[in-house]
Each structure stands twice: as C-alpha cells, then as structure tokens.
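Enquirer: So the protein lines, in turn, are chains A and B.
When you line the first sequence up against this note's numbering, it's residues 925 to 1419, in that order.
When you line the second sequence up against this note's numbering, it's residues -14 to 457, in that order.
Hints listed in this document are in silico derivations from the structure and should not be mistaken for laboratory results.
One should not assume that every hint holds.
Stated by the list, open to error - The list that follows gives simulated cross-link-like pairs (lysine-lysine, PhoX-like), each with its CA atoms no further than 25 Å apart:
1. B:K427 - A:K1035
2. B:K84 - B:K18
3. B:K347 - A:K1035
4. B:K412 - A:K1035
5. B:K134 - B:K18
6. B:K273 - B:K18
7. B:K329 - B:K412
8. B:K329 - B:K251
9. B:K427 - B:K347
10. B:K329 - B:K427
11. A:K1290 - A:K1370
12. A:K1089 - B:K412
13. B:K273 - B:K329
14. B:K273 - B:K251
15. B:K273 - A:K1089
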Amino acid sequence: MDILSLLVVIPVITVLVLFFINDNQMVRIISALGIGIETILTLFIAKGFMAERAAGNSSEFLFTRDTVWFESLNIHYFVGIDGIALAMLLLTAIVLLAGIFISWNIEDLTKEFYVSLIILGTGVFGFFISLDLFTMFLFYEVAVIPMYLLIGIWGTGPKEYAAMKLTLMLMGASAVLLVSILGIYYYSGMTFNMQEIAQMEMPIHAQRFFFPLAFVGFGVLGALFPFHTWSPDGHASAPTAVSMLHAGVLMKLGTYGAFRVAMYLMPQAANEYSTFFMGLAAIGVIYGAFGAIRQTDLKYINAYSSVSHLGLIFFGMMALNKTAYTGAVLQMISHGLMTAVFFALIGMLYGRTHTRDVRKMGGLLKILPFIAVVYVIIGMASLGLPGLSGFVAEMNIFVGAFQNPDFIHRVFSVLAVSAIVVTAVYILRVVGMMLMGPVKNEAFYKLPKAVWYERVGALLVLLPVIAIGLAPMWLTTLIQESLGHIVEHLAAYGH
Amino acid sequence: MNNYLLMRDEFVLLGIILLLLVAEIMLIGKNRKAVVGIATGLFIVHTLVGFLPLAEGTMFGGSFRTNHLLHNMKSIMNVGVVILLLQTWTWAREEWSHKGRVTEFYFLIFSTLLGMYYMISSGDFLMFFLGLELASLPVAGLVAYDLMKMRSAEAGVKFILMAGVSSAVSLFGISMIYGISGSLYFSEIAQNFHLSGLGALGLLFFMSGLAFKISLVPFHFWTPDVYEGAPVPVTSYLSVISKAAAVFALAIVLFLIGREFVSVWKPAIYWMAVLTMTVGNLFALRQKNMKRFLAFSSVAQAGFILLGILSYDQMGMTSVVYFSAIYIFSNLATFGVVQVISLKTGREQMDDYNGLYRTNPKLALVMLLGLFSLAGIPPVAGFFGKFFLFMAAAAHGYYWLVIIGVINVTISLYYYLLVVRAMFLRKSDTPIESFQAEIPVKIGLALAVVGILFLGLYSPFYDFILNLTTNI
Chain A
925 MDILSLLVVI
935 PVITVLVLFF
945 INDNQMVRII
955 SALGIGIETI
965 LTLFIAKGFM
975 AERAAGNSSE
985 FLFTRDTVWF
995 ESLNIHYFVG
1005 IDGIALAMLL
1015 LTAIVLLAGI
1025 FISWNIEDLT
1035 KEFYVSLIIL
1045 GTGVFGFFIS
1055 LDLFTMFLFY
1065 EVAVIPMYLL
1075 IGIWGTGPKE
1085 YAAMKLTLML
1095 MGASAVLLVS
1105 ILGIYYYSGM
1115 TFNMQEIAQM
1125 EMPIHAQRFF
1135 FPLAFVGFGV
1145 LGALFPFHTW
1155 SPDGHASAPT
1165 AVSMLHAGVL
1175 MKLGTYGAFR
1185 VAMYLMPQAA
1195 NEYSTFFMGL
1205 AAIGVIYGAF
1215 GAIRQTDLKY
1225 INAYSSVSHL
1235 GLIFFGMMAL
1245 NKTAYTGAVL
1255 QMISHGLMTA
1265 VFFALIGMLY
1275 GRTHTRDVRK
1285 MGGLLKILPF
1295 IAVVYVIIGM
1305 ASLGLPGLSG
1315 FVAEMNIFVG
1325 AFQNPDFIHR
1335 VFSVLAVSAI
1345 VVTAVYILRV
1355 VGMMLMGPVK
1365 NEAFYKLPKA
1375 VWYERVGALL
1385 VLLPVIAIGL
1395 APMWLTTLIQ
1405 ESLGHIVEHL
1415 AAYGH
Chain B
-14 MNNYLLMRDE
-4 FVLLGIILLL
6 LVAEIMLIGK
16 NRKAVVGIAT
26 GLFIVHTLVG
36 FLPLAEGTMF
46 GGSFRTNHLL
56 HNMKSIMNVG
66 VVILLLQTWT
76 WAREEWSHKG
86 RVTEFYFLIF
96 STLLGMYYMI
106 SSGDFLMFFL
116 GLELASLPVA
126 GLVAYDLMKM
136 RSAEAGVKFI
146 LMAGVSSAVS
156 LFGISMIYGI
166 SGSLYFSEIA
176 QNFHLSGLGA
186 LGLLFFMSGL
196 AFKISLVPFH
206 FWTPDVYEGA
216 PVPVTSYLSV
226 ISKAAAVFAL
236 AIVLFLIGRE
246 FVSVWKPAIY
256 WMAVLTMTVG
266 NLFALRQKNM
276 KRFLAFSSVA
286 QAGFILLGIL
296 SYDQMGMTSV
306 VYFSAIYIFS
316 NLATFGVVQV
326 ISLKTGREQM
336 DDYNGLYRTN
346 PKLALVMLLG
356 LFSLAGIPPV
366 AGFFGKFFLF
376 MAAAAHGYYW
386 LVIIGVINVT
396 ISLYYYLLVV
406 RAMFLRKSDT
416 PIESFQAEIP
426 VKIGLALAVV
436 GILFLGLYSP
446 FYDFILNLTT
456 NI
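Looking at chain A on its own, in the form it has when it is part of the complex (with noise of 0.2 Å):
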C-alpha cells in the first residue's frame, strides 16, 4: 500500500472501530486517536514532500500510484499529489481534528456523530488525494452525503429544511457535474486519468459546451454567486464541527475542483468564460460583503463573509495569471483556517450564552478573555491585517487581478478590492458590540471559561494562521512550484 492511500484507509478503520464501541468516552479519544494519527502521516507526508523537491524531483505529481480499478472503461485508481493538494491535505488535517476536538461535549448519539463527521473526513482526503476523475467524484458524493445527517441531528434551527436544501443543491450541482466528467471522458480518448486529459486538447466546441457545467458543478459547493443560497442556511443551522469543517475545507472542494478539473483540463474556455465568472465572483464578493452588515446572527454573518470571501478565490482563479493562481490558493487555506475558528469560537458562545445574536451580547471581553482574544485575531486575519494569513492571500490576488490592463477587468478588481473596506465594517462592528464596551447580561457573568478541548481545538487552527501570515514563503514556494505546470498549460491558450 502506498502512503497517500492511507490517507484514506485510516479514517475507514476508524470508522469500523467505532462501530464496535458503545461508551461515549471511548468513541471520542478512538476518534481523536485515529485523526490523529492521520494528521501525524499529513505532516510527515508534507516532509516527505518536501524532501523529495529539495532532491530535484520536478514531476508535477508526487507520490503516484495508478491501479487499474474497472479495466474495460479505463477507470484506475490513481492518486498523487503536488503541492496544491498537499497544502489542501494539511489544512483538513487540522481543521478535521480540531473539529473531533471542538465536539467533545456532544452526547446525543456520540458514535454516529464521529462516524458521519470521520466518513465525510474521509471522502475530502480521498478528494484532495485523486487524480483520476472518477475516483474524485466517488470522493466528493462521499464527503457531501453525510452533511445531511450532520446537520439533521445535531444541528439547531431549522435544520431539517438547511439539511434538505443543502444536501439537494450540492448533490444536484453534482450530477452537472457528472454530465461534464463524462463530457470530458468521451471528448479526450477514454480516460478519467487527468495527466493524460491535460496533454490532450479537447475540441474546443466541446469545451464551451462542458466547461461552464464542470466550473458551476464544483462552483455550488464553492458558493459561487448565484448558487450560494445553501450556505448561509446549512451554516446556520449545522452543529459547531460541521461548520468548521463545512465552510473550512468542504466549499474548498468546490474551489480546488473548479481550479484543477475546470480549468486545467478545459484551458481554452476557462480562457473565454473567464469574463464572465470573474463578474459572477466580483458580485459574490461584493454581495456577501454587504450580507454579512446586514446580519445580526452570529452565523449567518459569518456564512456570508465566506461567500464573499469564496469569491475572492474565484476571482482570483479567473485572473488568469501566476500571482493571482497563488493568492486563491492561499486565500483557500487562510479562509479554510479562519473560517474554522470562527466558526469554533461562535460554537463556544452560543454554548454558553446561547444566544448567537450579537445585539444581546456585549462586553464578553471581560468575562471570557481566551475566546475574545482569539476572536480579535482571527477577525483581523479576516479583514486582511499584514502579519496574518489573511493580507497575504488577498495581496496576492489583487496584484494579479490589476495586471490585466482592461477596462472590464479594472472595474471588476476595484469593485473586489471594495469590498475589503466592508470586510472591516462588519468585523469590528461585532468585535465592538459583542466582545467590547458594558456587560449587557447580568447573567453573563457566571459564564465557564474555555475548558481544555476548546483551546487545543481553537489554538490548533489558530497557529497557522499566524504560522503563514508571519513566514509565507515555505507555502507560497510550495504552492508556486506546483503552479508552473498549470500556468503554463492556461497560458498556451492565453488572450
């Protein structure tokens, strides 16, 4: 067995573990065991990695091991990875285990908790690891499905319909996209195996007829404007661990297949709808902007700022050059890592004042100094302060959107870059009446401070945040490396 498909394996040994196990302690530390243990091989995967590229091994996937699986139609399964992926590895690592961690105080149906919460775990690694398109499709069913029960069960709200319109919209955005996985099949010789698509050109009629359904396939999940309208509710009403891992690498599926299925494998129309999408990402930058002033509801304001902040990946993608590839890329793993601890640090208020309206809270500062502390900083990672992880990525990308020197081009990147100026509104407004000024509540202040699994959950995403807003270069080297390749491909068939 070869190390990327452990990835896989572990997880579902895991799960089967658990199936065995009837006590609730004993299902979380198994949990947090065998997530664990994956996170450990993430890392010494990413060393691994990284040794190799230091020893001159330029191939554009690493670790490969292609088996053949349904031989008569040419599905193998092949995984490899490069540094996109592996970057997009170490992010669900961590967000997955902070996540079993965030959870510990469930106690209704425990075990079904982390079996769903590892298995869709499980479908994202096995995403992020394939590089045959039949096997990432089977992947991304299998990380979107369990959202369903996740959010059914334990969620607050109106969870049965944010669960239902949830799982509908990504699941049909995924049978466009199926319609465009067999496009690109039948267009490219037979093989799902996406090396070998990317070296063959598909008739470009064929591309303008598959690549818009390929890019809003993976866009739903991506929330890209219009098809954003699940987020806002399924963020809402899914427990605290769903949303993280929902909003911090789920939708990064969206963006990480728009880029590398979409675009890489379809670079002519990528290059003509560009336009477009890039418009469509600019109103959805704009629009969760605003959405997100408009909300009082700790989550809702939240799931729009990642619309907006979704948008921003897109919209560096449809740029179209190096610079603005590698802020999308980075603004995938800063917005997977800050959008996970917000989502961590609103899970732990509404735990405590259960409330997640921010005009009944106020001077929480005082009473529950980690979670604020944490909250301040993530919240200025989000509106894009330097030393954080947040100003690299968003840098990146307006330095590449204002390259191209038309005048479509120019109103849509000044249009984008607005918006971070209503990024800082809606953050420090809530910084302001929720965390700063009088207590509103009396009742606040016999609230629990953070107990021990909050903070390692917390902390343990909120590190890298600060890990890549002081020392980008080791991701970004990473990140660009792998860029080359796909540079160059979108490039040949450039304006």
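Dock chain B against the given chain A, drawing on the hints supplied.
Expert: For chain B alone, coordinates are given in the frame of chain A:
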C-alpha cells in the same frame, strides 16, 4: 439426450414445483410450517446448482436457446428470489401456515419464475409468449393472496385485467411481425424483417406489452394500486424479480430483432425513458405509504435502465444487467425492512418510521444503505450502476438524456432522504418498538446488504458481466 441438459435450470425448478405439490399432499393434517423450510431449502439448492456452468446451445429447432449470459441472468434472479424467500420466512410461517395456505405461495412464485426463465431463453415468439403468460398469470394469484382483504382482491383483479390487455396487445404486435417476416423465430425474423410501417407498428405493440410488465410510463397506471394492495412479499417480488426479468427480456429481444428498426424503437425508448424517470419521480415525491412510495420509486428506476438499452451495444447491455443485479439487491434491502416492520407492527406509513433508528438501529441502517444505493450515492453499489448507465448513454452522445437523468437522480434523492429524515432525524411519541427478527429473515437482509456494499466496489463483478455480453 445430452441436449436436454441445456434446460437444466428449468427442469430443476419444475421438479421443485412438482415436489412441493406432493409435499402438500403428504403433509395433510400435519404441520404445514415444514413447507416453508422445504421450499426455501430446495430453492437454495436450485440456486447453487444454477451456479454450475452450463453449455450454450438451442433446443426444439431454435425455440429454446441458452448461453452464458442468459444462464447468468437466471442466476441473478435466483439469488434475488433466495433473498426474498429468506425475508418472507416469518411471514409464510406465522401468517399462512396455520391457515393451510402456504404451499400455494411457493408454487405460484416458482411457476412465475419458470415463466420468466422461458421468456428470457426463448428463441421464438411462441415460446416467448408462453413464458410471458406463465410469468403473468400466477402473479394475479399472488397479488390476491390475502383474499379476505378488499384491497388485495381488488389488486388481483386489476392486475389480471391489465396483464390480459397487455398480453393481447403484445400478441397483436407479434402477429404483425409474423405477417411481415413470415416467421416466429428470432433468428429468421432478424434476416427477413425490414423497415416497414406494419413492422414498426408490430414492434411498438410488442414493446408496449413488455412496457406494461416493466411499468414504464405511460403503461404504469396499475403499479401503485397493485403494489399497495398486494402483500409486501409479493410487492417486493413484483418490483424486483419480475421487473428485472421483463427488462432482460426486452433487452434481449431488441438486440435480436431490432437492428433494422433502430429508427423506430430508439425514439420510443428515449421518450419512455424521459417520461418514466420524470413521472415516476414526481409521483413518488408525495407518497406517504411506504409501499406506494417504493412502487413509484421503482417506476423511476426502470426509466434509468432504458438508458442502457438505448445505447444498444455491448457496454449498454453490460450496464443493463449490472444495474439490474444491483437494483435487485438494493430494492430487496428496502422492501425487506418494510416487510419486517409491516409484519411485526402492521405499520406501513412513512410517518410510522419516525425515530426508527433509535429503536431499531440495524433495520434503519439496512434501509439507509438500500435507499442510498437506489439514490446512487457512493460508495454503495447503486452509484456504480447508475454511473455506468450514464456512461453507456453518453458514449452515444445522449448528453441531454443524461442531463435529464441526473436531474432526476437529484429529485429522487429528495424523496429517499425523506425516509432517512423520518428514520434518523425525527422523533416519535409512538415509535416502532424494538424487536428482533428471525434468523432466516436476518440472513436475507444481510445478503442484500453484502450485495449493496460490495457489488460496486468489487470490479471483477463488472468484468464478469462484460465477458458474458461479448457475443450479444
């Protein structure tokens, strides 16, 4: 004489049927419960014997033909029937044996299965029609098995009338084809059957007869009422085995004689596929009764199978057989659970399933897997079945049909999730209390689950079917 061994499956099954009749006489006044064990045991033996390889060839001057594909189609159906029989173990023993009416159940089920064998293996229209009738008539008896219940008797009458009409239409079509080509033998028809108005009409009439059996839209109106009225095991049998057999028969006959008439039947199948998927789904959305719900869901599922027939090549045939095999396991898992619950508590509404996971977690999980497989969610088998059907259709450029198909998959996901919602998300003041099913029933459910879990991931199964269809 050696030649007669080609009919081994049919002979063994016939032997079992006769043996059951004898057993019925021998057991007068004694405990009829034994019949259940005898029938199930004998059928398991029959299934195991059926796995032994069989030569290819024809009998009776080409009236009866068999090859590896046909033989294995029968084996797939056999496995389905074994699971079904195990699941009906309790039903037959507790409900019927003391009323002295248990042998008929097996007698009728095996007779209709025998009819399906002949239908699949037919080499001419005469044998085909005999098989079709033998497959249909006993079903009426099965549907009306619960004579004392109004609905069951009503369903029986409904079925026999519909089956009669559809057989007549089919026969009319066959007579036209005979008039054009001067032969009943498929092989001769294939040579002498050229595109003409009458021939096209004949083929369409013949197809609509089979469409009744598969309950393709617009020939599906009997399905929900009959499914709801019939006892659950019979519903299960109708929607799984009977449907699969009719699909196999349709695919085979079209492959044998339809080549000249592609321009006639392909549009017909295309639009029937669109209608069947869409109408079946839209009606399933609003159903509250689990049997009606599964009835409409199985109508929709049949629509997907047509995508494979439409592609009309080896890959299409493979995906049809592959999907049907998976569909048998998936639907038997869901019907198995419905049946167990209906028998223990008499409750069949979707709302009755509220909170099922908290009282009967294992049953709820079996149901979940079955529904996910029907909805085509990985990594369970249904995903692979649907994906390969879509691949087969896309291979011939039917992208719009694939798009309609995937939209329907999403719609179907909604109503499958409704059941999941009831079982997992909802709570109930009067949940179905926790109970244990008998061992054979459990084995029946477990076999279905094993099929769902492994048939898809285990790729040699696909290759196996692919090898069977090489000389179609």
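Enquirer: Taking the hints in turn, state whether each one holds.
Expert: Hints, one by one, checked against the model:
no., hint, in the structure
1, B:K427 - A:K1035, "holds, 24 Å"
2, B:K84 - B:K18, "holds, 10 Å"
3, B:K347 - A:K1035, "holds, 14 Å"
4, B:K412 - A:K1035, "holds, 18 Å"
5, B:K134 - B:K18, "holds, 23 Å"
6, B:K273 - B:K18, "violated, 34 Å"
7, B:K329 - B:K412, "holds, 20 Å"
8, B:K329 - B:K251, "violated, 46 Å"
9, B:K427 - B:K347, "holds, 10 Å"
10, B:K329 - B:K427, "holds, 14 Å"
11, A:K1290 - A:K1370, "holds, 12 Å"
12, A:K1089 - B:K412, "holds, 20 Å"
13, B:K273 - B:K329, "holds, 19 Å"
14, B:K273 - B:K251, "violated, 35 Å"
15, B:K273 - A:K1089, "holds, 21 Å"
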